[in-house]
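J.: The lines below spell out each chain.
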Amino acid sequence: ETGVTQTPRHLVMGMTNKKSLKCEQHLGHNAMYWYKQSAKKPLELMFVYNFKEQTENNSVPSRFSPECPNSSHLFLHLHTLQPEDSALYLCASSQGDSGRGQETQYFGPGTRLLVL
Amino acid sequence: GDSVTQMEGPVTLSEEACLTINCTYTATGYPSLFWYVQYPGEGLQLLLKATKADDKGSNKGFEATYRKETTSFHLEKGSVQVSDSAVYFCALRIQGAQKLVFGQGTRLTINP
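Each protein sequence line maps, in turn, to chains A and B.
Each step along the first sequence adds one to the number in our numbering, with nothing skipped, and position 16 is 16.
Our numbering runs 1000 ahead of the 1-based position in the second sequence.
Since the hints were made in silico from the structure, they are not lab data.
Worth double-checking, as some hints may not be accurate.
Here are the simulated DSS-like pairs of lysine-lysine, each with C-alpha atoms no more than 25 Å apart in a straight line [what the hints assert, rightly or not]:
{"#": "1", "chain 1": "B", "residue 1": "Lys1052", "chain 2": "B", "residue 2": "Lys1068"}
{"#": "2", "chain 1": "B", "residue 1": "Lys1049", "chain 2": "A", "residue 2": "Lys22"}
{"#": "3", "chain 1": "A", "residue 1": "Lys41", "chain 2": "B", "residue 2": "Lys1049"}
{"#": "4", "chain 1": "B", "residue 1": "Lys1099", "chain 2": "A", "residue 2": "Lys41"}
{"#": "5", "chain 1": "A", "residue 1": "Lys40", "chain 2": "B", "residue 2": "Lys1099"}
{"#": "6", "chain 1": "A", "residue 1": "Lys52", "chain 2": "B", "residue 2": "Lys1099"}
This is chain A alone, in the form it adopts within the complex (with noise of 0.2 Å):
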């Protein structure tokens, strides 16, 4: 399956670096979402983006920043993070016409970070 794709799959850094996530659809899709994954816990919406445009911000602190350039594209930068950060952080397309209830949302494969 390589309809969404995320890079970098893994990923190390310190609580000064900046880093950035990446993920990319290949579906044609106008809705692009970021979700957390820790461990124990139940996925967590972070963030979604509509034709470009943010529309759900999930209380993320702002050390967590979107960017989303057009609807294939988004990014995730990373700065001053904290080790309780560390998890899978996954990201998401949908067709992005919500108002049917039909949307299905197809996953990336992940980029499992790791905050030391």
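Put chain B on the given structure of chain A with help from the hints.
T.: Using the frame of chain A, we list chain B on its own:
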């Protein structure tokens, strides 16, 4: 608020055993319901979905029926295989919203 509760794992079964993973939900609106599967080292893949009461989603031998009266969407398979070993997530999405609300996941291990 909206929430999903799954049976706690891990679940370990022998090959060809019957599987049921329970999922119940609480929703303020009228949700669509999903099961996603996550194989080791991979992201989530949609396994099946149902969008209205009494709908049955099915895929790869798995089934789940949308039960509005019991607010449940239990995942079932009659005969599991080693390749079914993965983490299974139940999720809901309120109509008109884009946010998926996930359960905590159930790790399934199938032994040969």
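J.: Against each hint, give a clear statement of whether it holds in the structure.
T.: These are the hints, each one checked on the structure:
no.: 1; hint: B:Lys1052 x B:Lys1068; result: holds (8 Å)
no.: 2; hint: B:Lys1049 x A:Lys22; result: violated (28 Å)
no.: 3; hint: A:Lys41 x B:Lys1049; result: holds (22 Å)
no.: 4; hint: B:Lys1099 x A:Lys41; result: holds (17 Å)
no.: 5; hint: A:Lys40 x B:Lys1099; result: holds (20 Å)
no.: 6; hint: A:Lys52 x B:Lys1099; result: holds (17 Å)
When held up to the earlier numbered hints, the structure conflicts with hint 2 and nothing else.
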